[in-house]
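Undergrad: One-letter residues, chain by chain:
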Amino acid sequence: MTQALSIAGLAKTYGNGVEALRGIDLDVAEGDFFGLLGPNGAGKTTAIGIVTSLVRKTGGTVSVFGHDIDRELEAAKACIGLVPQEINFNQFEKCRDILVNQAGFYGIPRATAKERAEKYLKQLQLWDKREDISRNLSGGMKRRLMIARALVHEPRLLILDEPTAGVDIEIRRSMWEFLRRINREGTTIILTTHYLEEAETLCREIGIINHGRIVERGRTRDLLAKLQTETFELNLRTPIAQAPEVTGYTVRQLDPSTLEVDVDKSQSVTHLFSELAQHGIEVVSMRNKVNRLEELFVRMVEKGRT
Amino acid sequence: MSRAAANWTGLVTIVRREMRRVLRIWPQTLLPPVITMTLYFIIFGALIGRRIGEMGGYDYMQYIAPGLIIMAVLTNSYANVSSSFFGAKFGKFIEELLVSPMPNSLILLGYVAGGVLRGTLIGALVTVVAMFFTPLTVANPLLMILVVVLTAVVFALGGFINGVYANKFDDISIVPTFVLAPLTYLGGVFYTVDLLPDIARQLSLANPILYMVNAFRYAMLGVSDVHIGVALSMTVGFLVFLFALAMWLLNKGYGLRS
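The listed protein sequences correspond, in order, to chains A and B. Per my numbering: the first sequence = residues 1 to 306. Per my numbering: the second sequence = residues 1 to 258.
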């Protein structure tokens, strides 16, 4: 299988002595939707910076679709579209000009660049803002403009560094749908995010980075399968005075009408309900309380601290 | 699409963006130098110059006109690149170029070309202003174009290096105020260095601007304080040195890549 991104032994020590990356190895297959997760300062943005040449590595190798960045940097860069964490377009330029110029920097002739700008501004619902000065856009629009800009040269690999930070839920979900679509159409996507729901929803593969090292890597569903316990919140029809003793389950009472129960993977929810019924407790609704990926993430990060 | 064609498109895109910027903010980029130079012509030329009489065998106004034109060229070439490049760095949109496949040499060339175009455009405007005050002669048109372009390139490169080193807006006004302005006024724009005492004349020869002012004056009037060959060689020497320094900074990623 072709590797969209192949990283081996990647290291970065900044001038002030901070070791941001301590030799990470990472492969992302072509067509994948990959999530790179980690707490603040873990090394995500440094890793992305090296791949996109904004940060100089101090060790290791990086290749993008087989182009080694030490030997074929320009070919590697031509394959990548970057949506950075911070707004980084000229806030005094018009939206369409930003896209047309960016296409030009990638060598796309002006006529084609204009067609592409129209295509991606329309896809990201910014076409009616095309003549607006970019600084007048809302926060969500600015994020979408950066996605449109990153796509205007139609890269094979799209890297998004916290693309939905500060974006309201409706726009976030429409951005998810858009990203899923371009991934289905063949664009490989690497995403960093603090919203673990986002990673769980979108990413087929996940890597967790902490203290400059990859601490977990694999298919999202395989990683989630490692979790032994899930926590459910149960809403009761009739208030109760205290939580019942249910053999094999840990039950906590949050309020007279709400219980919280930890359910091990070896146990069944059906059995839990029948046990509760024997105590005269009727459950009217339930929800999985903890975001499973969040739990995995916290566990990995805590493991790194010990 | 060949890499060469792609690079050419990229270069044209930078230059077009630079020129659009100059034209978009024309009250900041085009108007002030024209007003300033008009004042120079009125005060130094028409009012004071009338009492000075001749200099270097020419009417004073005629003598200072080439110096004022080249002064406008060099200050504006410098200012365009330093402010535009630093603005891109400050607003982080320089990253649009840094992540693109454009080689560093073309990024530099694009910014320098923008500076040269603004410098020559303003040079042309100031020339038109000068024609209202004094008859202009051009002894060697080709040499005049060559000197204008070389001077604009030298100062555009200087502005680029200033933009690379600058961390705040103050940093791009310090060099023009405390280095460029004194060197320009002491660079023979308003006088011939033959008027100076020997030691001052020797010191003036260390001033790069002296060579460009005199090369341009030679192209227009046919007179110069230094031999035209020396003036051109010095100008080319400064150009090569500044180009090498700018490329070194870009390749090193100074202030741009962490």
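FYI, nobody ran anything at the bench for these hints, they're computed from the structure. One or more hints might be untrue.
[To be verified] Straight-line Cα separation of at most 27 Å, BS3-like style, residue types lysine-lysine; simulated pairs: (1) 94(A) - 92(B); (2) 94(A) - 252(B); (3) 89(B) - 129(A); (4) 129(A) - 168(B); (5) 119(A) - 168(B); (6) 142(A) - 122(A); (7) 114(A) - 94(A); (8) 89(B) - 94(A); (9) 168(B) - 114(A); (10) 252(B) - 122(A); (11) 168(B) - 252(B); (12) 89(B) - 168(B); (13) 168(B) - 122(A); (14) 252(B) - 142(A).
Undergrad: Taking the hints in turn, state whether each one holds.
TA: So, going through the hints one by one against the coordinates:
{"no.": "1", "hint": "94(A) - 92(B)", "in the structure": "holds (17 Å)"}
{"no.": "2", "hint": "94(A) - 252(B)", "in the structure": "violated (32 Å)"}
{"no.": "3", "hint": "89(B) - 129(A)", "in the structure": "holds (25 Å)"}
{"no.": "4", "hint": "129(A) - 168(B)", "in the structure": "violated (32 Å)"}
{"no.": "5", "hint": "119(A) - 168(B)", "in the structure": "violated (38 Å)"}
{"no.": "6", "hint": "142(A) - 122(A)", "in the structure": "holds (14 Å)"}
{"no.": "7", "hint": "114(A) - 94(A)", "in the structure": "holds (13 Å)"}
{"no.": "8", "hint": "89(B) - 94(A)", "in the structure": "holds (19 Å)"}
{"no.": "9", "hint": "168(B) - 114(A)", "in the structure": "violated (35 Å)"}
{"no.": "10", "hint": "252(B) - 122(A)", "in the structure": "violated (39 Å)"}
{"no.": "11", "hint": "168(B) - 252(B)", "in the structure": "holds (20 Å)"}
{"no.": "12", "hint": "89(B) - 168(B)", "in the structure": "holds (10 Å)"}
{"no.": "13", "hint": "168(B) - 122(A)", "in the structure": "violated (37 Å)"}
{"no.": "14", "hint": "252(B) - 142(A)", "in the structure": "violated (31 Å)"}
Violated hints, listed in ascending order, are 2, 4, 5, 9, 10, 13, 14; each of the other numbered hints is respected by the structure.
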